[in-house]
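Engineer: Chains as they are written, first to last, in our numbering: chain X, 1 to 337; chain V, 1 to 297.
Note that these hints are calculated values from the structure, not bench results. Hints are supplied without guarantee of correctness; some may be wrong.
Unchecked claim - Incomplete in silico selection of chain X near chain V, CB under 8 Å:
1. His60
2. Met64
3. Phe151
4. Leu157
5. Phe300
To be verified - Take a look, some chain V residues computed to stay more than 10 Å from chain X by CB distance:
6. Ala67
7. Arg85
8. Val91
9. Ile92
10. Thr156
11. Thr160
12. Arg161
13. Ser186
14. Arg208
15. Ile211
Note that the Cβ used here is the ideal one computed from N, Cα and C, for glycine as well.
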Amino acid sequence: MVKANLRSPARPAGDPGGAGEPARGTLRGAIRGPRGARIRRIGLPYLLLAPALIFELLIHLVPMIAGVFISFKALTQLYLANWQHAPWAGLGNYRIAVNFNGAVGQTLLHSFVVTCAFTVLAVSISWLFGTTAAVLAQDKFRGRGVLRAVFLTPYALPVYASVITWAFMFQYNNGLVNHVMHDELGITSRPTFWLLGDNSFFALVVVSVWRNWPFAFLVVMAGLQTIPRELYEASAIDGAGIWQQVRRITMPSLGAINQVLVLVLFLWTFNDFTTPYVLFGNAAPQNADVISIHIYQASFLTWNFGEGSAMSVLLLLFLLLVTVLYLLVTTRRRSSA
Amino acid sequence: MLSSATRNPGAARAPRAALAPPRSFIWTRRIVLTLLTIFALLPVYVMVSSSLKPLQDVTGTFHWIPAHLTISPYIDMWRTVPLARYFVNSVIVCTLAAALSVCIATFAAYAVSRYRFRGRRVFAVVVLSTQMFPGILFLLPLFLIFITIGNTTGITLYQTRTGLVITYLTFSLPFAIWMLAGYFDSIPRDLDEAARVDGCGPLGALFRVVIPAAFPGIVTVAIYAFMTAWSEVLFASVLTNDTTRTLAVGLRDYSTMNDVYWNQIMAASLVVSVPVVVGFLLLQRFLVSGLTAGAVK
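Isolated chain X, as found in the complex (with noise of 0.2 Å):
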């Protein structure tokens, strides 16, 4: 630095002021620059970060504290004004909640038997879909710009515009799927109810499907890209076919890129509350009662805050459990393979 500066006057032609003073200003910024520089150094980075951390801390950090907290609360309609002083429950709302016997614990653990077969379903079919499009759009071909763009559209409407839309094609009378399986193709004896009944649980994961297979594509996609091409020109050489690449070379390179995406997709469909709520309104059926529906009914209708609190960090334990075994069996698994 000290070197720089002592030659920068040395050489008039580089600096466009070519008189003494801006030289001058360099040369003094040099040697108050680093020590001046260390001190706000130390300071600034959280200086910068400081505004993000607050808002951070207000809507994500504080709540999440405040929730455990009313969870372990008994608060009700009653103590809503001046919840902190609601009287404490010890662990009664999370043993209502487990009580398998009770009808909160029994209608819990039902919602979270159908979100677990749910979100497996709709995870494999959306991963499925999405990976065969990737990887048959792998090479160039007339249109694929746009059929790219296509496959975006499912992600790039709003949620809830696409989804009241799906409502419209599932209604009884004048809905689309009606029509179609019904009066076109004679595939049901008489119009099925998509939103009510058993059915409810299939049109759940048909939108679901819908909304994040694009997802899927998307990653897949850009992991495809990141596999050598040469890899592909030397196989062809020694004679594999299309089918064999796929087999050999494309999905066995796409095993990083798949453990983050199935995850990804698992935690989204999990906490879906958009799709349901928009697709059946307040009251979702039975089989479609997923649990962040069903936390929510419990909350928001009764007004019983800490048993949904109870739910809210029964489920983020269970989240967080899964995420953490996930990573350790796929990552074990990659690494000894």
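Go by the hints and put chain V onto chain X.
Structural biologist: Chain V in isolation, oriented as in the chain X frame:
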């Protein structure tokens, strides 16, 4: 409309490359990609075609081709529910949330990108992990905290646009910081060192060198933040009232009418989709690389 969707040009023709794939592969590709195109575009077709039908055509059996075309749903939808008010609310809330989110994220990303400080990794992990928690976990206490803040300090956050702006800006913040830090990393450090030598402070270097150089990235992040806020439903359903309601919740009002005007619902859905779809298509390339960067690295 549908026939043009099924006869997709992309799936229909494959070029004769040096290593031409076998016919079985080409046919699989045609069939699978065509089916997926139909699946992806079906709701879009229903939305567009139904929004142009008169009411009696959407209450009876569904028809693929509209028998009568009308634009009256696009006129009537503003009167059935206060859609204009919801629209204005959404625009205000989302614009403010996006603008604030980008400002805050720019400073934070500059720190993350240009400084090595204690707690840097912890910050990254904490910020990103907030993304995986279920929203419902924050919602109940946040609702109570907003009410308490209102009662004790007089700053009303519950059922106001301010409360929603603050909430939404934090939703896009982690990702905005992450993406912007990536953009800033790609700007050579020599540039800001040169500015520093010319007498700029660290903030001067940020404003005069880094921000102009990363401007496309900053616009991308702003649009991402806007889109995130535009689509949020859970918090909007609890933290707003009749006057501050956003589109995300307001669209539900149509379904609570005695007669469900499905043609108007479809018209309104289409109109509220336009801002985000346009934004998405404009920035597709940037968003795609940004969204997937984390997963690929």
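Engineer: With reference to the structure, classify each hint as holding or not holding.
Structural biologist: Evaluated hints:
1. Nearest Cβ of chain V to the Cβ of His60 of chain X: about 5 Å, under the 8 Å cut. The hint holds.
2. A least Cβ separation of about 6 Å between Met64 of chain X and chain V falls short of the 8 Å threshold, and the interface hint therefore holds.
3. With a least beta-carbon distance of about 6 Å to chain V, the hint placing Phe151 of chain X at the interface is held under the 8 Å criterion.
4. With its C-beta approaching chain V no nearer than about 5 Å, Leu157 of chain X sits inside the 8 Å limit, and its interface hint holds.
5. Interface restraint check: Phe300 of chain X against chain V, minimum CB-CB distance 7 Å, threshold 8 Å, status holds.
6. Annotated as non-interface, Ala67 of chain V keeps its C-beta farther than 10 Å from every C-beta of chain X; the closest such distance is 14 Å.
7. Annotated as non-interface, Arg85 of chain V keeps its C-beta farther than 10 Å from every C-beta of chain X; the closest such distance is 17 Å.
8. With a cut of 10 Å on Cβ distances, Val91 of chain V stays outside the contact zone with chain X, its closest approach being about 13 Å.
9. Interface exclusion of Ile92 of chain V from chain X stands, the closest Cβ pair being 17 Å apart, more than 10 Å.
10. The claim that Thr156 of chain V is not at the interface with chain X holds, since no C-beta of that chain comes within 10 Å of its own (minimum 15 Å).
11. For Thr160 of chain V, the requirement that its beta carbon stay farther than 10 Å from each beta carbon of chain X is met, with the minimum near 15 Å.
12. The non-interface label for Arg161 of chain V is consistent with chain X: the shortest C-beta to C-beta separation is roughly 15 Å, beyond 10 Å.
13. Every C-beta of chain X lies more than 10 Å from that of Ser186 of chain V, the closest at about 17 Å, which supports listing it as non-interface.
14. Listed as outside the interface, Arg208 of chain V is consistent with that label: its C-beta sits roughly 15 Å from the nearest C-beta of chain X, beyond the 10 Å cut-off.
15. The beta carbon of Ile211 of chain V is kept farther than 10 Å from every beta carbon of chain X, the shortest such distance being approximately 13 Å.
The structure fails none of the hints (numbered hints given earlier).
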